[in-house]
Structures are given as structure tokens and as C-alpha cells.
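Asker: Please put together the full structure from these sequences, using the hints given.
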Amino acid sequence: MLGEAQKCITYGQHLRPLQKSGHSYFLRFAERRAVVKEVVKENAEASLEVRYPLPFVVPVRTKKRYFIPPAVGLKGKAAASADQEAKARAAGVVLRQEYMERAINIACTAGVFDPYIPPEGDARLSSLSKEGLKQRTEQIKQGAASQLAIRKIKDHDAEFTTKAFPVKAQEIFIEAHNALTQFNKEKLHSLVTERCYPEMVRGNRYKTLRWHFVESLEPPKVVHARCPDMVSKGNMYGQVTVRMHSRQTLAVYDRFGRLMMGSEEEPRDVLEYLVLERHLINPYGMWRLHGKIVPAWAPVKEPVVKTVMIPGPDLKPGEEFEELNYDVPKPKAVQWHK
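Numbering (full-length UniProt numbering), first residue to last: 1 to 338.
Hints are computed from structural coordinates only; laboratory data are not their basis. Incorrect hints may have been included.
What the hints assert, rightly or not - Quick list of simulated restraints, FRET-style, between CB atoms:
1. 232 to 102: 18 to 24 Å
2. 140 to 212: 38 to 44 Å
3. 217 to 313: 51 to 57 Å
4. 308 to 88: 51 to 57 Å
5. 164 to 134: 29 to 35 Å
6. 301 to 217: 17 to 23 Å
7. 229 to 117: 18 to 24 Å
8. 284 to 309: 47 to 53 Å
9. 212 to 185: 17 to 23 Å
10. 134 to 331: 52 to 58 Å
11. 212 to 134: 36 to 42 Å
Each residue gets a CB set at the ideal place from its N, CA and C atoms; glycine is no exception.
Answerer: This is how it looks when you write it as C-alpha cells:
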């Protein structure tokens, strides 16, 4: 192979003066043959050293790899990722597309549209005072908007009435809380919306709930209604606010079985404003619990009693703890509040 390279070089040297002198680039066959013989003769006389053959290596692939991942830590991560995706497509590897946008759920709205503002103390002020006159004017405006929304709801739900709906709403409320205490997720999803579900189950994984509906102190009634649109103009939702005054018992136990708040034996009077929602254009839609309106004048919740660990005495590195000769002091029963 080395001799052939030298021949090519010498042959090129013989051709260069011919090209410079103005002769034609394409020589005759006889002239080419004479030049080649002369070159071979000169190389045979000049080259007396011993030539060894070059090693001939043929790579053998024992396993076919369809996709070879690129090296880690390359410069230009964007170019490396684009090259990796191109190689994966060429090899037939399907890469799952990553969506950076959050999923949109159109089965329910993201909140309460134009929420109802309960009067302070749930009482009606005198119309002779300035505050009472303002309250009465606001109630008239809200009542007119609620009547228009109720008409739209009746166009899609023929069975909806302001007299029968509060009783149905109270039944949905009781069934939803019973499913929550029993951790029945399938039934709870059918009774509450996707927006209300995480608010009800958040923080209850290691807790035990005991809830019971004792009685209704006042008959529930519809106090507010709205019919908002979402995404498009014809995609309507019905939101109805129901005032419910009842007596309930609630007790929450932590994972150690200790009482955190409430009592199973002491019922309490609860005044709540529940918001129920339905996707009106869906023929298979149903009324579900969507949220709860907590007024600004509502009383503050009682603090939660947490279970804490009292650390023992600090031991030095060389000391050994002897259980037989040491009595652990028992702490006094003190109610701890955060």
C-alpha cells in the first residue's frame, strides 16, 4: 500500500510539468503507459527497505442497537436534546409529548360566581336607619338578579323549584358528609364537584371523623341564584345558595386516637350557606355541592389540640441508659394550644 502511494505521488510529479507546459490534460494511452513504467522502475531501484503489511481490522457487531443514547454532559443541551429526539424518531421510539399547560375541567366552575353576602348577624336591620335602607336596596338588586337566574335554570331543569330544592340540597349535604366520614371516594365524587372535593378531603388522611346530623332548626331556603357562562356563551352553569340552620355533632381524632376538636356527645347549632352547582347544558348533569360561604362576621374556630412528644433527659456520650435504675418522670396533664 505504501508503494502504491509513492507511485501516485511520482506519477503526479510527472504530470505536473506536462500540465504547466501547456500539453493537454488527457494523454494518450501509450504515453500514459510509458510514464507508468518509468515510475515503477525508479521506485524499484530506490526503495530497498523492508515493508510490513498494515493490520487489517474488520469490526464485528454482535448485537444490533436500535437507539444509542447520546453522552451525558454535552455542551449545548438544547442541540443535544434536539439530536436525541431526531435519533429517537428515526429509530421508531415514540416519545411522549409533555404538556406544560394545566388541564381544564368543564364539568364545574373554578369558584363561586357573584357570591352571596349574608347580612351581619343574619338579621334584618330597620329600614328607617341608613344601614337598613342600604341593606334593603342591596337585597332588592340581588333578588332581581336571582329571579332572572332561576328562570334560566328552569329552562334547562324543568323539575327545579325554589320550594323543593332546599330539601334536596340538605339531603345532598348529609350524604356527602356521611361519605366523607366513611372515606367512600366514589360516592363522594358523585355528590361534590371537582373543585369542592380537594377542600373536603385535604388533611384527613390520618384522622378519624365522627359526624352526625341531629336535626334541622329552621327549614332550609334558597337565598341566592346565579347562572354564569364559561368558555363559550351557551355553556351555562347553575349556582344556587341555600341557607341551612341545623344542629350537628363533630369529633376529629388524630392518628393516635386522641381528640383534636369537637365532641360526639355535645351537639352544636350551625348556620351554613351552601352553594350547589349543576352543568345545565349537560342532559346527564346533577346538582352537587360546590362550596360554602363563610361570612366575615362568623365566630373564630376553636383551636386544635395537637399531640406532641416530650423529649427525655439528654445523656452524655459515655453514659449508658439503665431502665431499671431510672424512673421516667411523668408530665402533668396540661392542655396545650398552639
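Asker: Determine for every hint whether it applies to the structure shown.
Answerer: Hint-by-hint comparison with the structure:
The hint said 18 to 24 Å for the Cβ distance between residue 232 and residue 102, and at roughly 19 Å that hint holds. Range check, residue 140 to residue 212: about 39 Å between beta-carbon atoms, so the 38 to 44 Å window is met. For residue 217 and residue 313, the Cβ-Cβ distance of about 54 Å falls inside the hinted range of 51 to 57 Å, so the restraint holds. Take residue 308 and residue 88: their Cβ atoms lie about 53 Å apart, and the range 51 to 57 Å holds.
Distance hint check for residue 164 and residue 134: the Cβ-Cβ separation is about 33 Å, which falls inside the suggested range of 29 to 35 Å. Between residue 301 and residue 217 the CB atoms are about 20 Å apart, so this pair conforms to the stated range of 17 to 23 Å. Residue 229 and residue 117 have their C-beta atoms about 22 Å apart, which keeps the hinted 18 to 24 Å range intact. Take residue 284 and residue 309: their Cβ atoms lie about 51 Å apart, and the range 47 to 53 Å holds.
For the hinted restraint 17 to 23 Å between residue 212 and residue 185, the CB-CB distance of approximately 21 Å keeps it satisfied. Between residue 134 and residue 331 the CB atoms are about 55 Å apart, so this pair conforms to the stated range of 52 to 58 Å. Hint check: residue 212 to residue 134, Cβ distance near 40 Å, so the stated range 36 to 42 Å holds.
Going through the hint list in order, the structure satisfies each hint without exception.
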